[in-house]
Amino acid sequence: MTEQFLVIVLRTLIVSGTATAMAVLVGFPLGYGIARRSFRGRTLLLGFINTGMGMPPVVVGLVVWVLLVRSGPFGDLDLIYTRTAMVLAQFVIATPIVVGFTTASLQALPPRLADLLFVLGAGRMRTMWILAREAKLGLAATIMAAFGAIVSEVGASMIVGGNLERSTRVLTTAIVTETSRGEIERALVLGLILLGLTFIVNLALTIIQQRR
Amino acid sequence: MDVSLESVRVERDSRVLLDVPSLLLRGGRTVAVLGPNGSGKTTLLRVIAGLDRPRVGRVLIGGLPVNASRVAYVFQEQVFLRRSVRDNLELGLRLRGLETKERQVRMEEASRLLGVTHLMDRRADRLSGGEGRRVSLARALCLRAPLVLLDEPLEGLDRPTYSRLLHELPQLLAAFDATKLLVTHNPGEALRFAQDLVVLVDGKVLASGEKSDVATNPHVREVAEALGYFVVIRDGRRVAIPPGALRPGPGPLDFMMDIDEVIDLVATTEIAGRIGEVHVHVELPTGSEPPARGDRISLHADRFFELK
Amino acid sequence: MLDVLVPRFEKERRIEVKVIAVGSGAALRMAERGDIDAVLVHSPTAEQRYVEAGDLVDGRLVMHNDFVIVGPADDPAGIQKSTSITEAMRAIAARSVFISRGDDSGTHTQELALWAAARIDPKSLPRREESGQGMGATLNIADQKRAYTLTDRGTYLAQRRNLGLAILFHGDPSLRNVYHVYAVSPKKHPSVKTAEARAFIDFLVSAPIQQLIASFGRDKYGESLFFPDALKEARD
Numbered sequence: 001m002t003e004q005f006l007v008i009v010l011r012t013l014i015v016s017g018t019a020t021a022m023a024v025l026v027g028f029p030l031g032y033g034i035a036r037r038s039f040r041g042r043t044l045l046l047g048f049i050n051t052g053m054g055m056p057p058v059v060v061g062l063v064v065w066v067l068l069v070r071s072g073p074f075g076d077l078d079l080i081y082t083r084t085a086m087v088l089a090q091f092v093i094a095t096p097i098v099v100g101f102t103t104a105s106l107q108a109l110p111p112r113l114a115d116l117l118f119v120l121g122a123g124r125m126r127t128m129w130i131l132a133r134e135a136k137l138g139l140a141a142t143i144m145a146a147f148g149a150i151v152s153e154v155g156a157s158m159i160v161g162g163n164l165e166r167s168t169r170v171l172t173t174a175i176v177t178e179t180s181r182g183e184i185e186r187a188l189v190l191g192l193i194l195l196g197l198t199f200i201v202n203l204a205l206t207i208i209q210q211r212r
Numbered sequence: 001m002d003v004s005l006e007s008v009r010v011e012r013d014s015r016v017l018l019d020v021p022s023l024l025l026r027g028g029r030t031v032a033v034l035g036p037n038g039s040g041k042t043t044l045l046r047v048i049a050g051l052d053r054p055r056v057g058r059v060l061i062g063g064l065p066v067n068a069s070r071v072a073y074v075f076q077e078q079v080f081l082r083r084s085v086r087d088n089l090e091l092g093l094r095l096r097g098l099e100t101k102e103r104q105v106r107m108e109e110a111s112r113l114l115g116v117t118h119l120m121d122r123r124a125d126r127l128s129g130g131e132g133r134r135v136s137l138a139r140a141l142c143l144r145a146p147l148v149l150l151d152e153p154l155e156g157l158d159r160p161t162y163s164r165l166l167h168e169l170p171q172l173l174a175a176f177d178a179t180k181l182l183v184t185h186n187p188g189e190a191l192r193f194a195q196d197l198v199v200l201v202d203g204k205v206l207a208s209g210e211k212s213d214v215a216t217n218p219h220v221r222e223v224a225e226a227l228g229y230f231v232v233i234r235d236g237r238r239v240a241i242p243p244g245a246l247r248p249g250p251g252p253l254d255f256m257m258d259i260d261e262v263i264d265l266v267a268t269t270e271i272a273g274r275i276g277e278v279h280v281h282v283e284l285p286t287g288s289e290p291p292a293r294g295d296r297i298s299l300h301a302d303r304f305f306e307l308k
Numbered sequence: 001m002l003d004v005l006v007p008r009f010e011k012e013r014r015i016e017v018k019v020i021a022v023g024s025g026a027a028l029r030m031a032e033r034g035d036i037d038a039v040l041v042h043s044p045t046a047e048q049r050y051v052e053a054g055d056l057v058d059g060r061l062v063m064h065n066d067f068v069i070v071g072p073a074d075d076p077a078g079i080q081k082s083t084s085i086t087e088a089m090r091a092i093a094a095r096s097v098f099i100s101r102g103d104d105s106g107t108h109t110q111e112l113a114l115w116a117a118a119r120i121d122p123k124s125l126p127r128r129e130e131s132g133q134g135m136g137a138t139l140n141i142a143d144q145k146r147a148y149t150l151t152d153r154g155t156y157l158a159q160r161r162n163l164g165l166a167i168l169f170h171g172d173p174s175l176r177n178v179y180h181v182y183a184v185s186p187k188k189h190p191s192v193k194t195a196e197a198r199a200f201i202d203f204l205v206s207a208p209i210q211q212l213i214a215s216f217g218r219d220k221y222g223e224s225l226f227f228p229d230a231l232k233e234a235r236d
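Protein chains in written order, with the numbering used here: chain A, 1 to 212; chain B, 1 to 308; chain C, 1 to 236.
Hints listed in this document are in silico derivations from the structure and should not be mistaken for laboratory results. Fair warning: there could be bad hints in the mix.
[To be verified] Derived contacts from chain A toward chain B, CB cut-off under 7 Å, selection only:
(1) ARG112
(2) ASP115
(3) LEU116
(4) VAL119
(5) LEU120
(6) GLY121
(7) ALA122
On a predicted model such as this, the values are computed, not experimentally measured, just so you know. Glycine residues also receive a C-beta, built at the ideal position from the N, C-alpha and C atoms.
Based on the provided sequences and hints, a complete structural model is requested.
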């Protein structure tokens with residue numbers, strides 16, 4: 001039982017970890033751009049993102065499934081029921097969360113900070129880097145929120161992953177499987193592992209956040 | 001370095017914040033930009049620093065377009081990174097690519113001059129008002145930029161800090177080998193620190209030139225008011241009177257003041273009232289019998305300037 | 001089919017029925033715990049254990065249908081020409097992907113029995129995946145992965161329209177899928193509703209209902225999905 005569970009835990013970490021990393025890589029610059037520039041339709045875009053943050057993950061799963069299924073537009077890529085498909089769906093779920101949180105934590109910085117960096121001669125990249133570090137409090141929370149959301153979701157993972165035991169079964173879908181088989185003890189153990197995992201990740205990020 | 005503005009207009013949301021057809025600030029001098037709140041003083045600084053872009057027109061520093069490397073900006077608010085004072089001082093120097101040795105030398109010199117050496121390892125975002133102001137000045141000093149912009153450098157300080165800095169600032173400014181542009185709404189400070197004055201009202205430059213020229217030729221009411229003068233009507237003429245020049249008793253140009261308030265300031269007594277419709281106030285030394293509310297007393301002006 | 005039978009039972013006998021749809025394995029465990037009053041299952045080997053342990057009583061044979069092997073229409077493993085189910089399983093194991101339900105259901109149990117008969121250890125097959133889900137989801141996965149799977153004929157026919165899978169092997173006697181109904185033992189769990197459970201059993205094996213079972217699905221799919229056995233058993 002332990003070895004099986006270890007495989008599932010590792011797989012969960014890799015899939016959700018990858019999706020979180022991708023969401024941060026894409027979402028942070030996007031959130032930064034929205035926070036720093038004012039443009040027409042900005043409020044509309046922010047409203048859209050906030051909706052994205054609240055969008056049911058299972059709906060995301062459904063849409064990704066429709067796109068990846070063999071009869072769908074990207075059917076030829078043969079990605080349905082693979083880990084890649086799961087990473088994709090989780091990425092779509094996590095990115096609006098990252099963008100929303102990033103925008104909020106950057107907008108919470110003192111407004112003159114960007115001005116200061118400009119007059120000190122910091123270029124665009126440098127400014128982004130320094131502001132990111134100043135907003136460290138918010139960024140750690142962002143990663144926690146994004147990872148937490150996708151590691152605990154089950155609908156999209158089930159739909160696009162197929163819960164295949166050797167390749168796409170993760171902690172959440174495994175809990176569903178064990179429960180529907182009546183294997184309550186196994187399900188509880190998996191549940192505890194999932195809780196523990198989330199706690200450890202959040203603890204690590206909180207430590208980073210509270211340093212200095 | 002000279003700073004010149006040509007046909008500069010700055011607008012936001014169809015409001016004109018700054019409208020300067022032409023302005024020249026001579027290099028190496030200290031210039032005070034004086035004006036009431038909302039007159040566009042900060043916008044002027046920002047446009048010179050390159051933080052705001054004018055809708056039309058251009059700004060040249062030393063004949064060249066605006067560039068961050070040529071400017072040191074001292075903000076009105078405390079703006080620091082959530083790091084030590086040392087890190088904050090060093091940031092601008094690092095961005096300019098200076099070597100460690102050079103950075104250390106400059107920081108040591110600046111912190112010594114501004115008296116903030118004991119704060120180097122403190123968190124910069126946790127300084128008191130006075131300390132923060134000094135560190136901001138030290139930061140600007142380190143940069144050794146040819147143009148230094150100061151936005152209300154004495155604003156918001158407690159009384160003792162204010163007095164200290166008021167007297168130290170000229171010396172400190174002298175340490176900056178640069179053109180200094182200082183924004184204030186306080187005419188006393190402007191006259192104290194600067195050699196040249198620029199009076200800005202509603203985004204327009206109403207006066208500019210050497211301090212004594214501008215102060216003795218207010219020309220229009222707005223400039224006189226910006227300089228803190230009382231503007232009073234006498235025989236159909238408008239006259240501007242510097243505040244200290246209004247004295248009790250008769251004289252060459254005299255007025256009658258209706259007293260609204262008598263304020264006991266212990267060491268002195270302040271009388272506030274109106275000459276006609278214009279609100280004025282006069283200080284009386286203690287000792288003499290203070291008048292009462294509702295009284296009328298006669299005042300005269302030691303100095304005054306006629307306005308158009 | 002329960003969607004048709006249950007409301008009729010509720011109306012005729014005026015007994016309310018709560019249906020919980022799970023695999024046979026889970027259903028039998030629920031019966032063992034006394035969480036339910038009656039079970040309709042299709043996992044004879046597992047059922048045997050619970051009957052012997054005294055958890056299930058009054059068991060009756062209700063009906064059967066058959067399992068079939070479905071796979072991609074072009075049959076890459078070539079099982080259509082297999083002469084026995086064992087041969088077919090071996091052919092699939094050799095070169096194709098197989099999707100199992102992996103959920104202790106009756107279908108899953110049957111699948112494991114077939115591997116055992118072919119003397120293949122399913123855990124050793126690199127291209128066999130377990131979905132842990134119901135038949136519908138498993139068929140979808142097999143369809144998308146161009147894989148083979150074992151399914152009861154009824155579920156396949158119901159979904160045939162949306163699948164690119166075809167029935168590639170059927171008819172072997174070991175593919176028979178037998179349904180029994182039981183009441184949970186009142187001796188072991190005194191709180192179960194024994195009278196109502198027995199009424200349900202009587203209902204399922206009654207002549208009119210057996211008739212209904214025989215004709216179910218014919219108009220929709222052109223063939224019977226289930227074959228009634230209760231009256232035959234009574235006769236035998």
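Hints and how they fare:
1. ARG112: Constraint on A:ARG112 satisfied, holds at 4 Å.
2. ASP115: Since the shortest Cβ distance to chain B is 5 Å, the answer is holds.
3. LEU116: 5 Å, holds
4. VAL119: 4 Å, holds
5. LEU120: Given a least distance of 4 Å, the restraint on A:LEU120 holds.
6. GLY121: 4 Å, holds
7. ALA122: Status holds, d = 6 Å.
Comparing the model with each numbered hint stated earlier shows that all of them hold.
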